[in-house]
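With the sequences and hints as input, model every part of the structure.
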Amino acid sequence: MAPTGGSNPNADDLLVLLAVARLGRFTAAADVLGVNHTTVSRRIAVLERAVGGRVLVQTPGGWELSDLGRRVLPVAEEIERAMQSLAVAAGGAEEVRGTVRVASPDGFSIHVVVPAAAALHREHPGIDCELIAATQRLRHHRSGVDIEIVVGEPPVHKAIAVRLGQYALALYATEEYLARAGVPESVADLARHTLVYYIESALQVDDLDMATRGLPAPAGSLASTSVFAHVETTLASGGIGLLPDYMAAMHPRLRRVVPGFEHPLSYWAVLREEALRSRPVHLMLNQIRRQGARTVSPDAQPPAR
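Letter 61 of the sequence shown, counting from 1, is numbered 61 in the UniProt record's numbering, and no numbers are missing.
Watch out, some of these pointers could steer you wrong.
Now the in silico label distances, taken between C-beta atoms and shown as ranges [as the list claims (entries may be wrong)]:
no. : residue 1 : residue 2 : range
1   : THR39     : VAL156    : 27 to 35 Å
2   : ILE79     : THR39     : 17 to 25 Å
3   : ASP128    : GLY53     : 30 to 38 Å
4   : GLU130    : ASP245    : 22 to 30 Å
5   : ARG255    : SER226    : 17 to 25 Å
Worth flagging that the hints you see were computed from the coordinates, not collected in a lab.
All figures in this text were calculated on a predicted structure; none of them were measured in a lab.
Using N, Cα and C, we set each Cβ at its ideal position, and we do this for glycine too.
Below you can see the structure in the form of structure tokens.
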């Protein structure tokens, strides 16, 4: 049983704690709850007076549960389950409701997360999905989102990492480009070609940065922060693109060159334990894993329902 102070905790205040525990930020919790961040702060303060101590501690990466908060949280989760059961009893049918926030690299977002979110919403219209498309390194605080998807196996602290699928970066070009510039027979030949890839100074993901370390300095470059720009530039015969194999496979006009070269990578989902216990988040993660198994790693087995 959670300790109490001078009064009984308010159920609404406990649900506010649950939202902050899952998202790590007052502002993100406020958005989900439909209030402002000062209301979240005030409700947490009222809850702390009721239970007789701090339920959250502020870290450089966001708000984390204190020891007391971890003892209080199961009560909040039980209230959430009770309210969901009450809604089922009143409506006669189970309806899962909630908002799931996902941050993901742009290519994975469009080809995996978007269809996963659409499938989830068809099955559970009460679940809303918010998608933040960004190719960046793991934010160790994981604040403001329920599921953060990154490239490369992440070091995690007080979180869960789930492998979503593997892919490879390989070299592709159109026949038009190759007819004009010649077909490279080896990695060394790439020194005479234009390379299409990320802007080096803007690249924040070490695993993506390492992909070019085995390549010679190209004769020219066409760079962008978007993988979709890489694909379109390569399709426009602008150069040889260093592209995700699963995206290049969607375009018959792209021919793989220097087939001995590839840079293997993987996608991972990072979640707070508190977020994973949320049914909407759990359902969304399963949909992402299922869609990822079909799109990124066709030979992988999707999770069981």
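message: To test your reading of the hints: which numbers does this structure violate?
response: Those not satisfied: there are none.
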